[in-house]
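**Student:** My request is simple: use the sequences and hints to build the entire structure.
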Amino acid sequence: MTSDNGAIFRVESLLDSMKDSPVGPQEQWPQPLHTTFGTLLASPHQIVFFWGPQYLAFYNEAYAPTIGQKHPGAFGQPAEVYWSELWDDLKPLLDQVRETGCPVFIKDRPFEIDRHGHLETVTFDIAYSAVPGDDGTVAGVLCIVNETTERTASEQRLRESEARFRNMADHAPVIMWVVDHTGYCTYLNTRWYEFTGQSLEEAEGYGWLDATHPDDKENAGNVFMEALARQEAFRLEYRLRRHDGVYRWAIDAAEPRFSPDGRFLGYIGSVIDIDERHEMERRLWESESGLRTLTNAIDQMVWSTRPDGFHDFYNDRWYAFTGVTPGSTDGEGWDVIVHPDDLARTQATWQHSLGTGEPYEIEYRLRHHSGRYRWVIGRANPLVSDSGQVLRWYGTCTDVHELKTAELQRSAIADFDKKVASVSDPADIVASALLTVSSILTPSRVGYGMIDRERETVFIEQDWTAPGTQSLAGLNRFRDYGLFIEDLKRGHTVVVSDAWEDARTKDKAAVLEAIGARASINIPVTEQNGLVAVFFVNKATVTDWSADDVSFLADMAGRLHNAVERRRAETGLRQLTESLEQQVHDRTEELRKSEERLRQSQKLETIGKLTGGVAHDFNNLLQVVAGNLQLLQKDVTGNDRAERRVTNAMAGVARGAKLASQLLAFGRRQALDPKVINVGRFLRDMDDMLRRSIGEAIELETIIGGGLWNCLADPAQVENAVLNLAINARDAMDGDGKLTIEVGNAFLDDEYVAKHDDVEPGQYVLISVSDTGSGIPTEFIDQVFEPFFSTKAEGKGTGLGLSMVFGFVKQSGGHVKIYSEVGHGTTVKMYLPRATASEDRETIVQTGPVVGGNETILVAEDDDEVRNTVVETLTELGYKVLKAPNAEAALVIVEAGLQIDLLFTDVVMPGSMKSPVLAKKARERQPGIAVLYTSGYTENSIVHGGRLDPGVELLSKPYTREALARKIRAVLADRPQRSSTSPMPPSGEPISRVVSPLRILLVEDDELIRMNTAELLREQGHVVVEAGSAEGAERAADAQFFDVLVADIGLPDRGGDVLATSLVAKLPHLKVIFASGESDGAIDVPAGALSVVKPYSLDQLAAALALVTTPSGTADG
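Residue numbers for the sequence shown follow our numbering, beginning at 1 and rising by one.
Just so you know, the hints here were simulated from the structure itself, not pulled from any lab data. One should not assume that every hint holds.
As the list claims (entries may be wrong) - Under the rule of at most 25 Å between Cα atoms (straight-line distance), these lysine-lysine pairs were calculated in the PhoX-like manner:
#, residue 1, residue 2
1, K817, K738
2, K810, K675
3, K489, K675
4, K829, K675
5, K755, K810
6, K829, K755
7, K506, K489
8, K419, K404
9, K675, K967
What the hints assert, rightly or not - Simulated restraints on C-beta separations:
#, residue 1, residue 2, range
10, E786, G695, 24 to 30 Å
11, D428, Y819, 34 to 40 Å
12, T541, E402, 17 to 23 Å
Idealized CB from N, CA, C, for every residue including glycine.
**Tutor:** Shown next, in the form of structure tokens:
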């Protein structure tokens, strides 16, 4: 028990303080007191025991709350002290029991008591009885009480409320009545007695029924008693006898009454005289017999209601359309066949018309006899009397389902088009399409997924599902749900009305029904290469799909696919055209953060396109810096400190140039050129390169298993993969530890394959690379193969190494597994498919620096971006490059007589001429020409039986700068030599300067570069005329003679190559040197031209002048 100040006082705890009580400590109590107190203490009832003539109060825990703040002070103390405010009321009751020994029982006995700081009236049921002492006389009074204050107060309020009600009802203009829970009438207002002439004794109870018409009495009584049994509201019409003996029609309506605690108390009702209206309705009904005949002759649903909206007439068309039992929709029964989503709106509109008398018109869905809902237009107008009173309502329902469906579908499609016009995320576009279709077709599921035709799987990124329907998001196998994938592959829409009946799905019908797909529509989305996606809807029930349903879904599928692909294209274009004003590091970081977008496109190719734009401005800046530093070198000769600073700055320029070159050299993952190799011998040849790559502080151990199988893999990619893993291991060990490379045979069985995706059981050659480094945290293991993900510190890695390894192994038909433990190290295992054939030939791992040359190369490539990239790379390597967008254009260049050393051609290009034909014609016209093919996929025109045709050289796309350079040198080395050409000397190698002065026309739009270059050339003794545009150069050439044209390839008013062609036509002896900072340095001009790549040094420029003006460096080279 808690006192008013929050302290807790349990009765038992008060016994220790009884030594100060008049009765003394508990061990001294008389036996009757001791026994009685023990009994009441264990009782759950509210009990107080008043002992002795002083009425000392002893009570239990249940009683303590009834006296409030008197507890615990009152315990064991005289009652007169703590019950002083009611002692005059309480004492006589206690004295009566003490003096007579007779008990006292009183219900709802009121007392005025102060138990919470103020007087309040409370009521109790009390039972007072005498307790004898040892001598047999009354020693105390035992009081068992039960507080009834809340109940008595509630009953008092109810009595007052009923009094107010009776007063109001007696003055009401209508008859009102009340019955109790048994149906016994306890009250009828004065209007009843005035109308019927019954007396109180005649009417109350069940006597009111005697005033009803004999023909109506039984029905009225039955309706009343049935409603009473259900405790529900009721409404009935009967004829009631007036005091003059005339029967008049009346409406009797009642609502049930309930107490606050939910007990049924009976009914309160009213009776209204409707005799005039009933007579009018009778006459109307007689006139409507002809109307019924008329309405059944029209092809519309017709209905009619009483003035209060009670439906009592439907024509035959209504029942034919809905299939309901005649009479079942009378009254308010029509609402059960209105679509649940339309019901509230329909009822509200109807109630508004009933309340205002305004005509009624609304569109809603009504259940057809087929079970499907169809759109109808409901219209109604009231029949109004001369006085303005509504006599009846007449209405129609018109089937407009086809029109409404078409309208809704058009509106939904228009809303979808409008919404996705401002949406950039393809996932949001898909979500919008799913929601749009769900709102029209009301399915259990709508989904969109991308299809893998070979594996016959669909990956559903997201789907819309109705409540209670499971999502199918994720990877799904078509044949788990039937055989309709074959129809989809042929581009046929698959419509299933019932999975149990359709031959394509009946074997999987149980599965389909379990996921809410008893019926479905599957729309194939195709591109030029065939099936790519599917847009589908499911329904849990058998569905007779309409042609409109299929047409709508097909329209949405096309719009969705177009919108998604358009956004992806726009996103890619926007990324390509974004501002490139920030530093290269910022752009690389931006690309890394765009991982998800880049994963869906050719990631490395995109990086090449973006960084190409950066390289142009970056190289121009480096050219200005390099030119000024070269001029400054002569000014600081002899000043050691200044010379060191200039040397350091030049080294910085070189590093910047190298960075730009690396960025431009990024290529895409190339198609494989697999060969049968023995990995053990292959890795032994890589030993020296691996040791140089990882450093002397790291121990390298290579373990080659006995009886090693051959494998089928691209040797160059095997080298790259092992090298990538070794470098990753070196970084993880921070330059100190042990690297173990182990090669052996392995077999992946069915049990292993079942636990890993995208791997086939069988025999493999295993390459395992283990380190003793820092290890990879568990939460990152699943991400390490993702492009641009790296656990290294910022600036310590690109995050591309492991993703390249993963892609190579997967493309080779192999498997990759990584194991790692933080603090102990990491092991990466590559499984390459076993090859039973013998080795193709000894595989030599190419190492050493990349070497360019000054030969002329014709690039034939239809993709503008690929063509520009390779031309730029070749130009950087020192080659003179001619370019063509197709085989026909390339043949024109060959037939023009320009001597070409190597034809570098894509295998598949648009046009009637194929690349092998181009190569054949080129060899016929220039027998010494070398041919190198490139392709992004296997092409039967040069590959048969999985191998290249004899004599064919292929560089698979995407390829790196190093791979391109080495492949070109290798192909050129194998051709018959026809001229004495040699690679361009690298920067810094001594060369012989041109002694005789030359007249040079320098054309450069960048003023700083032009000034620096002109000064460098004049210091060499040459005569230099400057021009900032092609137009200025034309004017200069018209006015004077020149030996050499040095021109930027990207002039603002005309390309440098176009300018050179024009000037050579005027000055046939004119030699040409082009300067370029990126891929726009391609040369489509007569032989004899050379190029230098910005930033170029004085030695490089002098070397170019020497080569272009000497017999060995002219058109042949």
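**Student:** Are the hints correct? Go through all of them and say.
**Tutor:** Quick rundown of the hints versus the structure:
The hinted pair formed by K817 and K738 meets the criterion: a straight-line CA distance of about 20 Å does not exceed 25 Å. The suggested pairing of K810 with K675 holds, with an alpha-carbon distance near 16 Å, which does not exceed 25 Å. Proposed proximity of K489 and K675 is contradicted: the alpha carbons are some 34 Å apart, above 25 Å. Between K829 and K675, the direct Cα distance comes to roughly 20 Å. Compliance with the 25 Å bound is thereby established for this hinted pair.
With a C-alpha separation of about 17 Å, the suggested pair K755 and K810 falls inside the 25 Å cut-off, and the hint holds. Between K829 and K755, the direct Cα distance comes to roughly 16 Å. Compliance with the 25 Å bound is thereby established for this hinted pair. Taking the CA atoms of K506 and K489, the gap is about 20 Å. The hint holds against a cut of 25 Å. Pair hint K419 plus K404 holds up; C-alpha atoms about 22 Å apart against a cutoff of 25 Å.
Distance restraint check for K675 and K967: the Cα-Cα separation of roughly 16 Å lies within the 25 Å cut-off, and the hinted pair is therefore satisfied. The given range of 24 to 30 Å is respected by E786 and G695, whose C-beta atoms sit roughly 28 Å from each other. At roughly 39 Å, the beta-carbon separation of D428 and Y819 lies within the given 34 to 40 Å, and the hint holds. A C-beta distance of roughly 22 Å is found between T541 and E402, which places it inside the suggested range of 17 to 23 Å.
Hint 3 alone, counting from the list given before, is not met by this structure.
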